[in-house]
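S.K.: So you can see what is in the structure, the chains are spelled out below.
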Amino acid sequence: MLVILSIGLLVGAVGAMLGVGGGILLIPLLTAFLGVPIKTAISTSILCVIATSSAAGAVYAVRSLTHNRLAMVLETATTAGALTGGITAVLISPNLLAALFGFVLIFVAFSMRKLPKEDRKSEPTGVLDTSYIDPRTGETVTYGIRCLPAGMGASFIAGNLSGLLGIGGGIIKVPMMSLLMGVPLRASIATSNFMIGITAATSAIIYYARGYIDPTVAIPTALGVLLGAQIGTRLGGRLRSQRLKQIFQLVLLVFAVVMFYQAWRG
Amino acid sequence: MTEGIKRPDMDASRETQESAESVQFLKEVLGLLKTPETAPETEQEIKSRRRLNELVHRALIVGLALSTVILLGGLTLSAVTRQPLPGRVTGFGQIVAGLKTGSPAGFLSLGILLLIATPILRILGSLIEFIGKRDWRYALVTILVLLILGASFIAGGG
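Heads up: the protein sequence lines correspond to chains P and U, in order.
Residue 268, in the numbering used here, is where the first sequence stops; the numbers in between run on with no holes.
Residue 192, in the numbering used here, is where the second sequence stops; the numbers in between run on with no holes.
Quick caveat, the hints were computed from the structure, so don't treat them as lab data.
Where hints are given, some of them may not hold.
Unchecked claim - Quick list of the computed label-pair ranges, beta carbon to beta carbon:
| # | chain 1 | residue 1 | chain 2 | residue 2 | range |
| --- | --- | --- | --- | --- | --- |
| 1 | U | G166 | P | R267 | 50 to 58 Å |
| 2 | P | S95 | U | G121 | 19 to 27 Å |
| 3 | U | T135 | P | S113 | 48 to 56 Å |
| 4 | P | I233 | U | D169 | 39 to 47 Å |
| 5 | P | R267 | U | K167 | 49 to 57 Å |
| 6 | U | W170 | P | S8 | 24 to 32 Å |
| 7 | U | L89 | P | V259 | 43 to 51 Å |
| 8 | P | L98 | U | T115 | 35 to 43 Å |
| 9 | U | S82 | P | D136 | 16 to 24 Å |
Just so it is clear, CB atoms sit at the ideal spot from N, CA and C, and this is done for glycine as well.
Using the sequences and the accompanying hints, generate a full structural model.
M.R.: Shown next as structure tokens:
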């Protein structure tokens, strides 16, 4: 129990410092070191995703950065994806899930290399125009949405992966909104966070009803992640250190190998 | 110099056209969405949105705090009464029974359910916002999301 709690703490702190969700770290740690069955680990992770989303959402809600209309439109795609993903996860073999997870880890490790430095230029487009006040400059930023259908497709895939593998999917949604759809990065992060919680709730309901949530694992992990995220935020927000990022990428690749090994060993 | 000024404008008009096509496509697909009015929000609308966000903010904190307290309570109960922690959550129906008999399983399951339900508060917040603005189109989209959540409830066999 204390071991699980400390894994949660670690994952929460590292996640908050690097600005990534905990799921991609949590599931390999739980399955490889504690021998937790992968479906239990996935349902544990999805609960932690909800907890961190709600905790972060409490901060974003006051700042009014979230684009509610856009979130709701894309939500129809992510929740539909999560619904099918959750059902699929319950049905398919644990080995296949482990292998899929390995591929996602590799994808994340490589996509981390080129996190967007600059947003695509944000401006009103006549589609879902909205505005917010930049907390740094105090200026009102007005922007509209581009490429909505492509965004809907990507959202469905993000939701599907979230439901299937128990990850938040911010790693897909934030670049999708800021690079493709013309949403400013700050608003992308807040909106993605809003969507993640609801998407995760969709598949969490399925996992709950099917009895995959093990309180002895889920509760210490969730409490640990919540506390760890607080510590991580205090420790220095998003560390932009290149070194730390490289170490993290290496860890992800090692975890990918571990997941492939689990898939092969059965 | 003139080119430098011209180019973004041209890009912008092309982008707008692309987006307009995208919306046309989406309208056909969903039959729900139209380009919403681009008029800036009135002072009062911004104020009411602020108030609502404030409310959602509090609801999220209360939901998180409440589920944490219930979870810790369940853990304490299990330690004090020396009842082992359950390896599975109980069904939706058994929670109330578990709470009545004071079993840790009931508390732990309730805490987890509350945690899952907390993001749904944010959807309800958006729904109130859209209805308040008489923005029926987006109220409908929000209800659609709630319906999908309901479908997952059914898919879970709960």
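S.K.: All hints are to be evaluated individually against the structure, with a verdict given for each.
M.R.: Quick rundown of the hints versus the structure:
no.: 1; hint: G166(U) <-> R267(P): 50 to 58 Å; result: holds (56 Å)
no.: 2; hint: S95(P) <-> G121(U): 19 to 27 Å; result: holds (22 Å)
no.: 3; hint: T135(U) <-> S113(P): 48 to 56 Å; result: holds (50 Å)
no.: 4; hint: I233(P) <-> D169(U): 39 to 47 Å; result: holds (40 Å)
no.: 5; hint: R267(P) <-> K167(U): 49 to 57 Å; result: holds (55 Å)
no.: 6; hint: W170(U) <-> S8(P): 24 to 32 Å; result: violated (50 Å)
no.: 7; hint: L89(U) <-> V259(P): 43 to 51 Å; result: holds (47 Å)
no.: 8; hint: L98(P) <-> T115(U): 35 to 43 Å; result: holds (41 Å)
no.: 9; hint: S82(U) <-> D136(P): 16 to 24 Å; result: holds (22 Å)
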